[in-house]
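Just so you know, the protein sequences line up as chains A and B, in that order. Residue numbers 1 to 289, in this note's numbering, belong to the letters of the first sequence in order. Residue numbers 1 to 289, in this note's numbering, belong to the letters of the second sequence in order.
These aren't lab readings, by the way, just hints derived from the structure by calculation. Nothing here was measured: the structure is a model prediction, and the numbers come from that model. Do not rely on the hints blindly, as some may be mistaken.
One copy or two, either will do: identical chains are not told apart, so a pair holds if it fits within one copy or between any two.
Straight line, CA to CA, 20 Å or less: simulated SDA-like cross-link-like pairs of lysine to any residue [to be verified]:
| no. | residue 1 | residue 2 |
| --- | --- | --- |
| 1 | K159 | S190 |
| 2 | K8 | D132 |
| 3 | K8 | A254 |
| 4 | K159 | D197 |
| 5 | K159 | A196 |
| 6 | K53 | A235 |
| 7 | K54 | C240 |
| 8 | K159 | R191 |
| 9 | K54 | Y152 |
| 10 | K159 | R200 |
2 protein chains.
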Amino acid sequence: MATLLTGKPVVDRLAQELAPRIEALGRAGIAPTLAIVRMGERPDDLSYERTAKKRAESLGIAVHPFVLPEDAPQEALEAALDEVNADDSIHGCLLFRPLPAHIDEARACELLAPRKDVDGITLASLASVFTDGGTGFPPSTAAACLELLDHYEVPLEGKRVAVAGRSLVVGKPVSMMLLRRNATVTLCHSRTENLADVVREADVVICATGRARMFGAEFFRPGQTVLDVGINFDAEGNLCGDVDFDQAEPIVDALTPVPRGLGTVTTSVTMAHTVTAAEAALAAPAGGR
Amino acid sequence: MATLLTGKPVVDRLAQELAPRIEALGRAGIAPTLAIVRMGERPDDLSYERTAKKRAESLGIAVHPFVLPEDAPQEALEAALDEVNADDSIHGCLLFRPLPAHIDEARACELLAPRKDVDGITLASLASVFTDGGTGFPPSTAAACLELLDHYEVPLEGKRVAVAGRSLVVGKPVSMMLLRRNATVTLCHSRTENLADVVREADVVICATGRARMFGAEFFRPGQTVLDVGINFDAEGNLCGDVDFDQAEPIVDALTPVPRGLGTVTTSVTMAHTVTAAEAALAAPAGGR
């Protein structure tokens with residue numbers, strides 16, 4: 001019977017920490033504001049947008065949506081991002097991805113001002129994650145993993161962590177953040193030989209492959225803490241993680257559920273980044289990049 | 001008895017590959033040129049400068065030194081870097097580090113135009129290593145590891161690689177480059193628990209801690225390929241690597257010696273990057289960043 005590492009207590013603690021900061025901004029006449037840039041009406045995006053709006057509202061953060069038709073040209077998207085950059089009342093921006101196939105996504109991401117890049121999509125933000133220097137925010141999902149591990153006081157120093165999946169949204173940035181905390185990090189992926197053996201060695205496992213329930217019993221052993229970053233739907237349309245929960249739960253020491261796990265923390269981390277960005281804008285108004 | 005993975009055949013092959021490219025540049029009226037920016041007279045720097053000049057000369061690459069006194073102010077260094085950036089006849093630049101203590105090294109590095117950053121010291125170059133995108137060159141030492149592994153046809157796909165050391169010069173960038181080649185990469189370091197066990201698991205080991213002969217017999221097993229990135233001096237003043245060569249050599253399958261190993265390949269990689277930068281400048285003259 002694993003301890004369930006639910007997101008709610010982490011979300012509640014973040015909300016507590018943010019409240020006085022948002023109040024202080026309010027006294028300075030600033031409402032922290034998050035732009036959401038969306039193309040088309042993908043159900044994933046709409047669902048995440050609803051969640052983000054609700055969370056923002058409960059915290060006292062404003063949301064400013066920029067919605068473009070799915071077939072809008074690159075120029076329209078770039079104009080929206082220019083507007084986000086130029087508008088001093090906007091402190092952070094979420095650009096929903098993947099973007100439609102006709103859009104040059106890399107080019108679009110680079111347009112966003114790094115100071116407003118609260119989900120770590122620009123090269124500048126990613127460089128700061130890689131180098132422990134520069135400015136910018138790490139991707140919210142990667143940062144959410146650390147928030148949750150810290151909240152539940154999971155030891156990282158000197159420990160072995162397996163990160164399965166090497167995306168720029170989770171795998172690579174979370175590896176760098178874990179390394180900074182003196183973990184010994186193994187980056188593994190679909191081409192790893194004997195993946196189950198590699199994952200079973202680790203004290204902490206971050207499952208971020210985006211493949212529904214691929215991590216079954218053979219990947220786990222007692223003593224492990226497992227973070228399931230996956231948000232997938234199975235053949236029956238049920239929301240599930242990358243971990244086969246029913247197989248893993250009797251084996252490991254601690255496990256994040258899906259839903260009610262990391263996803264909810266990720267939203268809160270984006271809000272926290274937005275508040276930090278608003279504070280930075282207050283400290284250095286009309287800021288350069 | 002390990003196979004010795006010496007640098008010379010790699011260097012010779014790189015020279016062969018570069019010769020026709022340098023000739024082609026010559027026909028277009030371009031002499032590929034590497035600036036070397038040095039502060040003071042550190043013996044390490046002088047020694048590396050001599051090696052670089054000799055290698056450059058043998059290939060037909062020009063070297064343009066910028067030498068500043070050790071106590072020169074930040075402004076003088078920045079003026080030199082501005083000159084490097086502005087001079088279209090300079091294609092690449094090596095900035096010797098560590099810089100003197102009174103210099104803001106991070107700020108200085110960022111001044112170099114990424115297109116001339118042939119040793120991967122700018123955030124833009126490091127971001128491109130991290131993201132597999134953007135523009136810029138990886139740090140030469142990291143790239144040299146891949147050149148040597150490829151030359152000796154060491155399999156990487158799916159294999160376990162332990163990278164010991166997490167610097168931005170070798171450990172982190174080489175990990176990203178190995179990951180791109182589908183290796184399973186474990187980043188370990190001074191705070192790793194049971195470091196010898198972790199290293200012994202790997203098929204390929206990159207030793208890059210900068211600590212003389214720290215990797216003794218207990219770190220190794222038959223079947224391993226070991227790259228020794230270290231350039232250290234022992235108590236008697238003898239050049240040695242991070243690996244205890246006498247202990248490792250009877251155990252492992254293949255090993256780079258120090259000297260005559262990776263160091264010499266690194267110099268050639270810097271030259272190759274300079275030629276590539278010159279080709280890029282020819283293709284896009286008066287280039288933006």
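Hints, verified against the model:
1. For the homomeric pair K159 and S190, the shortest alpha-carbon distance between copies (12 Å) is at most 20 Å, but the shortest distance inside one copy (23 Å) is not.
2. Taking identical chains as interchangeable, the C-alpha atoms of K8 and D132 are never at most 20 Å apart, the minima being 29 Å within one chain and 35 Å between chains.
3. In this assembly of identical chains, K8 and A254 lie within 20 Å of each other by CA distance solely inside one copy; the values are 15 Å within and 52 Å between copies.
4. Taking the closest pair of Cα atoms, K159 and D197 come within 20 Å of each other both inside a single copy (17 Å) and across two copies (13 Å).
5. In the homo-oligomer, the alpha carbons of K159 and A196 lie at most 20 Å apart both inside one protomer (18 Å) and across protomers (14 Å), since each shortest distance falls under that limit.
6. In the homo-oligomer, the alpha carbons of K53 and A235 never lie at most 20 Å apart, since the shortest distance is 29 Å inside one protomer and 63 Å across protomers.
7. Neither within a single protomer nor between protomers do K54 and C240 lie at most 20 Å apart by alpha-carbon distance, with minima of 22 Å and 60 Å respectively.
8. Proximity of K159 to R191 under the C-alpha cut-off of 20 Å is restricted to the inter-copy arrangement: shortest distance 9 Å between copies versus 24 Å within a copy.
9. Proximity of K54 to Y152 under the C-alpha cut-off of 20 Å is found in neither arrangement, the shortest distances being 25 Å within a copy and 57 Å between copies.
10. For a Cα distance limit of 20 Å, the shortest separation of K159 from R200 qualifies both inside one copy, at 13 Å, and across copies, at 17 Å.
Hint check: violations occur at hints 2, 6, 7 and 9; the rest are consistent with the structure.
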